[in-house]
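A.B. asks: I would like the entire structure built from these sequences, with the hints used as guidance.
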Amino acid sequence: MKTTTLDSKVAAFCEGLIPTQLTALQTQQGQAQAFLDSNDFPTTRHERYKYTRLAKLANTEFSAFKLSDAATLQAYQLDADAYTVYIHGAQFELPSDLPKGLSLTLISQQNDAMTTELEDVFDALSSRYCHDGLVLHLADNTTLDKPIQIIQVDNGGKFFYKHHFSFGKNAEAKIWYAHFAQQASCSFSHTHLTIDVQEEARIQIDKLQAANDTHFAFAKEHIIQAQRSHFTINTYTLSGAFVRNEVTVAVAGQHAETHLNGAYLLKGQQHVANYTTIDHQVPNCESFENYRGIADEKASAVFNGKVFVRPDAQKTNAYQSNASIVLGPDASINSKPELEIYADDVKCSHGSTTGQLDENALFYLRARGIGETAARTLLLQAFMAEVLEAASPVVQTVLQQKISQRFHWEIQE
Amino acid sequence: MIKITNLHASINGKEILKGLNLEVNAGEVHAIMGPNGAGKSTLASVLAGREDYEITAGSVDFDGKDLLELSTEDRAREGLFLAFQYPVEIPGVSNVNFLRTALNEKREYLGEEPISAKDFMAMVREKSAIVELDAKLASRAVNEGFSGGEKKRNEIFQMAMLEPKLAVLDETDSGLDIDALRIVANGVNTLKTPNNASIVITHYQRLLDYIVPDFVHVLYDGKIVMTGTKELALELEEKGYDWIKERMEA
Numbered sequence: 001m002k003t004t005t006l007d008s009k010v011a012a013f014c015e016g017l018i019p020t021q022l023t024a025l026q027t028q029q030g031q032a033q034a035f036l037d038s039n040d041f042p043t044t045r046h047e048r049y050k051y052t053r054l055a056k057l058a059n060t061e062f063s064a065f066k067l068s069d070a071a072t073l074q075a076y077q078l079d080a081d082a083y084t085v086y087i088h089g090a091q092f093e094l095p096s097d098l099p100k101g102l103s104l105t106l107i108s109q110q111n112d113a114m115t116t117e118l119e120d121v122f123d124a125l126s127s128r129y130c131h132d133g134l135v136l137h138l139a140d141n142t143t144l145d146k147p148i149q150i151i152q153v154d155n156g157g158k159f160f161y162k163h164h165f166s167f168g169k170n171a172e173a174k175i176w177y178a179h180f181a182q183q184a185s186c187s188f189s190h191t192h193l194t195i196d197v198q199e200e201a202r203i204q205i206d207k208l209q210a211a212n213d214t215h216f217a218f219a220k221e222h223i224i225q226a227q228r229s230h231f232t233i234n235t236y237t238l239s240g241a242f243v244r245n246e247v248t249v250a251v252a253g254q255h256a257e258t259h260l261n262g263a264y265l266l267k268g269q270q271h272v273a274n275y276t277t278i279d280h281q282v283p284n285c286e287s288f289e290n291y292r293g294i295a296d297e298k299a300s301a302v303f304n305g306k307v308f309v310r311p312d313a314q315k316t317n318a319y320q321s322n323a324s325i326v327l328g329p330d331a332s333i334n335s336k337p338e339l340e341i342y343a344d345d346v347k348c349s350h351g352s353t354t355g356q357l358d359e360n361a362l363f364y365l366r367a368r369g370i371g372e373t374a375a376r377t378l379l380l381q382a383f384m385a386e387v388l389e390a391a392s393p394v395v396q397t398v399l400q401q402k403i404s405q406r407f408h409w410e411i412q413e
Numbered sequence: 001m002i003k004i005t006n007l008h009a010s011i012n013g014k015e016i017l018k019g020l021n022l023e024v025n026a027g028e029v030h031a032i033m034g035p036n037g038a039g040k041s042t043l044a045s046v047l048a049g050r051e052d053y054e055i056t057a058g059s060v061d062f063d064g065k066d067l068l069e070l071s072t073e074d075r076a077r078e079g080l081f082l083a084f085q086y087p088v089e090i091p092g093v094s095n096v097n098f099l100r101t102a103l104n105e106k107r108e109y110l111g112e113e114p115i116s117a118k119d120f121m122a123m124v125r126e127k128s129a130i131v132e133l134d135a136k137l138a139s140r141a142v143n144e145g146f147s148g149g150e151k152k153r154n155e156i157f158q159m160a161m162l163e164p165k166l167a168v169l170d171e172t173d174s175g176l177d178i179d180a181l182r183i184v185a186n187g188v189n190t191l192k193t194p195n196n197a198s199i200v201i202t203h204y205q206r207l208l209d210y211i212v213p214d215f216v217h218v219l220y221d222g223k224i225v226m227t228g229t230k231e232l233a234l235e236l237e238e239k240g241y242d243w244i245k246e247r248m249e250a
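In the order they appear, the protein sequences are chains Z and R.
Here the working numbering is used: the first sequence runs in plain steps of one and ends on residue 413.
Here the working numbering is used: the second sequence runs in plain steps of one and ends on residue 250.
It is possible that some hints are incorrect.
[As the list claims (entries may be wrong)] Across the chosen pairs, the derived CB separations fall in these ranges:
1. LYS50/Z / ASP61/R: 57 to 65 Å
2. ASP63/R / GLU338/Z: 56 to 64 Å
3. LEU234/R / THR373/Z: 42 to 50 Å
4. LYS402/Z / GLY13/R: 55 to 63 Å
5. GLU47/Z / HIS203/R: 54 to 62 Å
No wet-lab data here; the hints were simulated from the structure.
Using N, Cα and C, we set each Cβ at its ideal position, and we do this for glycine too.
C.D. replies: And the structure:
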């Protein structure tokens, strides 16, 4: 008989999960299991989980995975023209007609060993229980004519994915990663994504997180950028009970440019945490980071933005901004910029503001005849506009639709 | 048009307006002058409905409606306009989007159809010309990065767009150079009709060289203590507010 003791929440969480069969991950199984045997979920004593209570995760009964049909999945696509990948439980559906230079395969089709640095218990869980992952490669000098949309639709169960994207020299692409969940399901998903951006490649990733409000989503992205590359990742979190994004960008080549934008619009009891790290390893690079958010009702958000400028990284320009509006009396936002600068000839700035809606601006609008609700909406839209406008137009449209449905915002033209 | 009777208002327990009476009819321009701290801006804020103020006594009849019972937005929709002493910068909200929303909310309130995009843009062109406001400013974010003069011209531009019955201009002359003052005053004069009225609140007589009032009132210690014609403004300019103080305290 198996007993679950208090200090093995992870063991309880793993019950029913089947260790991964993926050939590529077999070499790391012993290490991953050993990690799980000796580590539990981090508590709030852990610096990176100070504002995040994982007890909820340990106590949640996830619903059993239910297969949805193709038409149901298709309804979630953002654009009928894009190259579309569907991720649904352990099932992946890849597009058939791919342009020259683009290759899309799965981890399950590869034999080369793949190892992940085990930073925390979720990395170990991911390595131990990974279902599959997308391997995307775009060849040198290839510009994708259409975006790739990755549509992940969860419908119960706990799923772990490891994706790897590599973009060749001078390649150019836009990737949309949209994450949804079927209503009435309660699912968990963990996505580990590594991205290799070669010299002069220009890549934009728009992440749309719009699962249902009983969903737990953990996402970790590790990006490495070579010289003269441009990389943008926009993270938009609209719904989900619990969302944690950890983005780490290693800027490893000179004259590279990095953009990190994020928006979170929260209500109910949502908890959303964004941890970002930009590691400037070499000289002459620029990074721009801008996260904005709104927390209403009892929602809570965490932003932790780390910027490292290593001793060699002279002439770095690094800008970081995080601004949040707390709407509900029971809502909370914790924002923490962390700059570690070891080079002396750099320009770095960071700003963090958390406050309420500007009452003077609200009065000004009302004094012109704009009703209170419309005035609030106008101000909130204006506040979020900057980061929403960083998305591709199609993604922006979807964002506006979702936001107006969720927050009853009328779309202003 | 508006009849203010025995108005008392306080903020944080301190009484600022102490029984103010004022009646303004259609077609009239009234100037309210007074020393700092007399309650001039409080009067403007109370009329517009700023919630920081508590009305402890009195009434305000606005064209047959009990103004004090109306929300800030409904006062505006009924035709009251406050030109702010310090117009607020609103990053991210474009002037035109803001004005179209305001105009259409007013129209909806009055049971009218929304304005078409074409008519609206024609109106923007026409009205921005009145205050010589660059059309480019009309499409920028509300007051963001505007100079002091541009902000005040933008106030009058908004007034022109919203066509109020009663405009309250709160120290619109403050921070304006002589050219901007002339443009703003000219805008106000152009918008004057027999059916609307304005209350011009000012500390200095200079604005009244350009906007000629029918009546001049002196506000002192929360009350109108003297009423006259435009000559009163000149007398005040000459003798200073100490003259009022001495007369009141005598």
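A.B. asks: So which of the earlier hints does this model not fit?
C.D. replies: The structure breaks only hint 4.
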